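J.: Chain by chain, the residues:
There are 2 protein chains.
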Amino acid sequence: MTTDEMSAVLERMGRKAKQAAETLAVLAGDVKRAGLEHMADALLAQKEKILSANKLDLENAVKEGISPAMLDRLTLTDARFAAMADGLRIVAAQNDPVGKVLDHRVRPNGLDITKISVPFGVIGIIYESRPNVTADASGICLKAGNAVILRGGREAFNSNMAIAETLNSSAVEAGLPDGAVQFIPWSCREAVSIMLKMDKYIDLVIPRGGEGLIRAVTSQATMPVLKHYKGVCHLFVDAKCDFDSALDVIVNAKCQRPSACNALETLLIHKDAAAEFAPRFAEVMRKNKVTLYADEAFRKLVPDALPATEEDYFAEYLDLKLAVRIVDDVKTAVDHINFYGSRHSDGILSEIPENIAYFTGRVDSSTVYVNASTRFTDGGEFGMGAEIGISTDKLHARGPMGADELTSYKYIVRGNGQIRK
Amino acid sequence: MTTDEMSAVLERMGRKAKQAAETLAVLAGDVKRAGLEHMADALLAQKEKILSANKLDLENAVKEGISPAMLDRLTLTDARFAAMADGLRIVAAQNDPVGKVLDHRVRPNGLDITKISVPFGVIGIIYESRPNVTADASGICLKAGNAVILRGGREAFNSNMAIAETLNSSAVEAGLPDGAVQFIPWSCREAVSIMLKMDKYIDLVIPRGGEGLIRAVTSQATMPVLKHYKGVCHLFVDAKCDFDSALDVIVNAKCQRPSACNALETLLIHKDAAAEFAPRFAEVMRKNKVTLYADEAFRKLVPDALPATEEDYFAEYLDLKLAVRIVDDVKTAVDHINFYGSRHSDGILSEIPENIAYFTGRVDSSTVYVNASTRFTDGGEFGMGAEIGISTDKLHARGPMGADELTSYKYIVRGNGQIRK
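Protein chains in written order, with numbering that gives the first Met the number 0: chain A, 0 to 420; chain B, 0 to 420.
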C-alpha cells in the first residue's frame, strides 16, 4: 500500500466520520441509549469471533517474546468482556450530555440567545495495547454524539478490528449512522502521521498511553489534543493533623496501586510535625517496602532514607518509591507543588483551617484534596460514570473526563428580522 | 541586546507574572473591581503622558509612510481614552467569574467534591496596531484573575508601554500584585518567539489580528492558543420567508461594516424563492454598491452578476463583495456552509419550522441565527460586556469570549481520612 493509497482511504474514513457526526449530533438521547445497549449485547453475542481474533494477537505476541505483563493486558477474558459490556451500559444510562441549555437570555432588542451543548464532531483516539479501550472510548464518544476514529496498538490489532467492527455494525442496527465507529486498518506509524494532519475531518484527538506517545501525538497533530502527561502527586502533612489517619491516607495513596497516575510520588512534612511524625511514617513505609528519597532534614530523623536529588522531586516513579521533604510552612509546600508538580492531584492533611484555605486556593492542580487520598481522582470515584482519561491541561477539560467533557457548545440566536444599528 | 539577555529578562517577567497570578487567583471580587476602576481613573489622569508617547509613535509612523487607515487606528483621541476607561468600568461591574461553584456532590463515602471556576494563570496577548487593546485585554484578563503579558505591534510601541505602565502601577496602588500587567519591552520578532516557548510561565496565548499573525503564533506556540481564524459567514434565504425583512437583514449583514468578521460573505437562496427574490435582492445590492459573484443559476436571473469560482465560496472578502448560490434545499445549504464556512456565524431566513430545526441542529458554527443579522456575534451584543475576541475553535471557548471564558476550573475534594478500597 503506497502513502497516497493510504491517504485516500483515510480521507474517505474522515469524510464518512464527518457525515456520521452530523447525524449523531441531532439524534435523540433515547436512540443513543438504545444504541449503546445494543452494542453491549453485540459484544457478548460476538464473543467467540472476537476471541479468535484475540487468539491471533496472543500467538503473534508470544512469538515476538512479549513480556508477561503486556501479554496479560492483551488477553481478553470473560471478566473483561463483562466489563466492556457493563461499561457501555453504564454510559448508556447516563443523562444525555448533548442539547443541555447552558445559558439563555433575551436581549433588549428581542433576540433570544440559547447556549446549548453540542458534540465536538469527530474524535480521534490513539491508544496502546489494551483492546478494551476500543469499547470504552467508543461508548463515551458516542454518548456525547461524536463519531470516533480509533487507532490502537499494533499488538492488539486483530482484537481491536473485531471489536470495532462489532460496535459499528451493531450501532447501525440500532439506528446510528454508519461510520460512527471506525478503526484504522493499518498498524504502521505512517497511518498515524496522516491521521494527525486530518484536521479537516477530526475535531479533537485524545492520546491514551505513556508520555512518549502523548508527546509524539501533540507534536504532530494539527487539531486540538486533550492530554494527560503525568501525575507527580503530593501530600502535605501539616503542623497539626491526625497522624494515624494521615498514615492510612499516605499508605493508600502510595501503595494501593503504585502504577496509577494518581498515586503519591512526593510527601512534604511540616517542620513542626517532623520530629514526631517522621519516624512513625518511616516505620510504616518500611513495612510496605517503600524506598524513601529524602532531603537532609528528614535524613537526620530517619538515617536509612536515601538522599533525594532534584530529579526525585520531578519524578513520577509509578513504583514503591517516594520522595520526601521537610518544609518550613504551608507556603513552602505550595511553592514546591506548583514548581515540581504536574497539576494532577495534590492534597493537604491538616486540622488548621487557614492552612487548608491557603492550600486549596493556591495549589494549581486539577484536583486538590483535604484529608483524603489522591487515589480518588477518577471518573468512577467522582460519580461521572466512565472516563476517557484525566486531563492535566487547563484548557477545556481538567481532571477526570467523562462524556460531558467531550462536548462543545454553540449559540442559537432567534429573531424576527433584527439588524444591528 | 543578545538573545540570551532577552531570554533572561523574559524569564524574569514570566516568573513575576506567575507569582502575581497566584495572588490574583485568591483575590476577593471587590478588590479586583476596585482595582479595575482605579485603573480606569489612572488612564484618564495620565492622559497627557500617554498622549506624548502616542505622539512619538505617530511621528515615526508618518516618517515610515504608514497608510491613513493605519494612522487612524494608531491615534489616541479623547473619545478613545473615554472608551478605554468605560471598557474597564464595564468589566469591573460584572460578576466575578472566579470562585463560581460549577458542580457540587457528596459521594457515598462522604467525600465532598466541589468543582469551582479558577483563573487560567498567566495569559499572553499578542496583537497588532490598536493601542486600546492594551487596556481592553488587560481588563478582561485581570477580571478573571489572570496575570497578563502583552506584546503589541511595533507601530504602537511607545503608546502601549505607557498604557501598560499606567495600568500596572495603578493596579498595584489598588492592592493588586505587581506584575499583573506586563508589556514586552522589545518590538523584534525574536522576543515573540522566545515568549511562545515559555509554556512554563504562560498558560494560554490569545493572538488578536489578521490570519497571518494567528497562523504564525499557532505554529510556534508550545502552550494552548485560543484563536479566531476568519469569518466566512452565510445567510440562507429559504423557500418561504419574509422577503422584505430578509432584504433588510442581508443589507445589514453585508454593508453595515463589511470589514467585520461577522459580516456576510455568501448568500444561499432556495431555488423555489429564487425567481421572485433574486431580482429584488440584486437591485438592493446594486443600490448598496455590492459586487455579486454568483453561480450559473443565479446569473440566469441576474445577468450582470459576475461568475463565482470555487475560491469565492471560501473567501472572506471583508469588502462590498458577496458570493451567491442557488441551492436545491436546506440540506444543500447546510452542506455548503459546513464545507466552505469557517464555523463562525451563519443564519437561516425562513418561516418553515422543520427547515429551521434542521439548520440549527446541523450547522456546525459557533453561532447559528434564525431570522436575524450575523452582525450580532459580539460580546457586547450578547450581553457579556467586553470581549477579548471571538473563538472559531471548538475546544474550551466558542464564539464571543468574555471574562468567563478566561477561566478554567478545579476540583476541591474534602474528606476526613478517606482511602480508596
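Because the hints were derived from the structure by calculation, they are not lab data.
Predicted, not measured: the structure shown is a model, and the values here were computed from it.
Using N, Cα and C, we set each Cβ at its ideal position, and we do this for glycine too.
Among the hints, a few may not be true.
[Stated by the list, open to error] The list that follows gives simulated cross-link-like pairs (lysine-lysine, DSSO-like), each with its CA atoms no further than 27 Å apart: (1) B/99 to A/288; (2) B/239 to B/199; (3) A/330 to B/270; (4) B/270 to A/114; (5) B/15 to B/270.
[What the hints assert, rightly or not] The following label-pair restraints were derived from C-beta to C-beta distances: (6) A/199 to B/101: 46 to 52 Å; (7) A/382 to B/279: 53 to 59 Å; (8) B/101 to A/287: 23 to 29 Å; (9) A/6 to B/239: 41 to 47 Å; (10) B/14 to A/243: 46 to 52 Å; (11) B/3 to A/88: 44 to 50 Å; (12) B/76 to A/6: 53 to 59 Å; (13) A/25 to B/101: 38 to 44 Å; (14) B/174 to A/241: 55 to 61 Å; (15) A/88 to B/351: 37 to 43 Å; (16) A/299 to B/101: 41 to 47 Å.
J.: Decide, hint by hint, whether the structure agrees.
T.: Against the structure, the hints come out as follows:
1. B/99 to A/288: 43 Å, violated
2. B/239 to B/199: 56 Å, violated
3. A/330 to B/270: The given pair, whose Cα atoms are some 69 Å apart, is violated under the 27 Å limit.
4. B/270 to A/114: Violated, at roughly 31 Å.
5. B/15 to B/270: 61 Å, violated
6. A/199 to B/101: 46 to 52 Å: 33 Å, violated
7. A/382 to B/279: 53 to 59 Å: Once the Cβ atoms are compared, 58 Å apart, the range 53 to 59 Å for residue 279 of chain B and residue 382 of chain A holds.
8. B/101 to A/287: 23 to 29 Å: About 37 Å separates the Cβ atoms of residue 101 of chain B and residue 287 of chain A, which means 23 to 29 Å is violated.
9. A/6 to B/239: 41 to 47 Å: Holds - the Cβ-Cβ distance for residue 6 of chain A and residue 239 of chain B, about 43 Å, lies within 41 to 47 Å.
10. B/14 to A/243: 46 to 52 Å: 40 Å, violated
11. B/3 to A/88: 44 to 50 Å: With Cβ atoms ~59 Å apart, the hint is violated.
12. B/76 to A/6: 53 to 59 Å: Holds, since residue 76 of chain B and residue 6 of chain A (Cβ atoms, about 54 Å apart) stay within the stated range.
13. A/25 to B/101: 38 to 44 Å: 27 Å Cβ-Cβ, so the 38 to 44 Å window is violated.
14. B/174 to A/241: 55 to 61 Å: 37 Å, violated
15. A/88 to B/351: 37 to 43 Å: Between residue 88 of chain A and residue 351 of chain B, where Cβ atoms are some 40 Å apart, the hint holds.
16. A/299 to B/101: 41 to 47 Å: Once the Cβ atoms are compared, 45 Å apart, the range 41 to 47 Å for residue 101 of chain B and residue 299 of chain A holds.
Of the numbered hints stated above, those contradicted by the structure are hints 1, 2, 3, 4, 5, 6, 8, 10, 11, 13 and 14, listed in ascending order.
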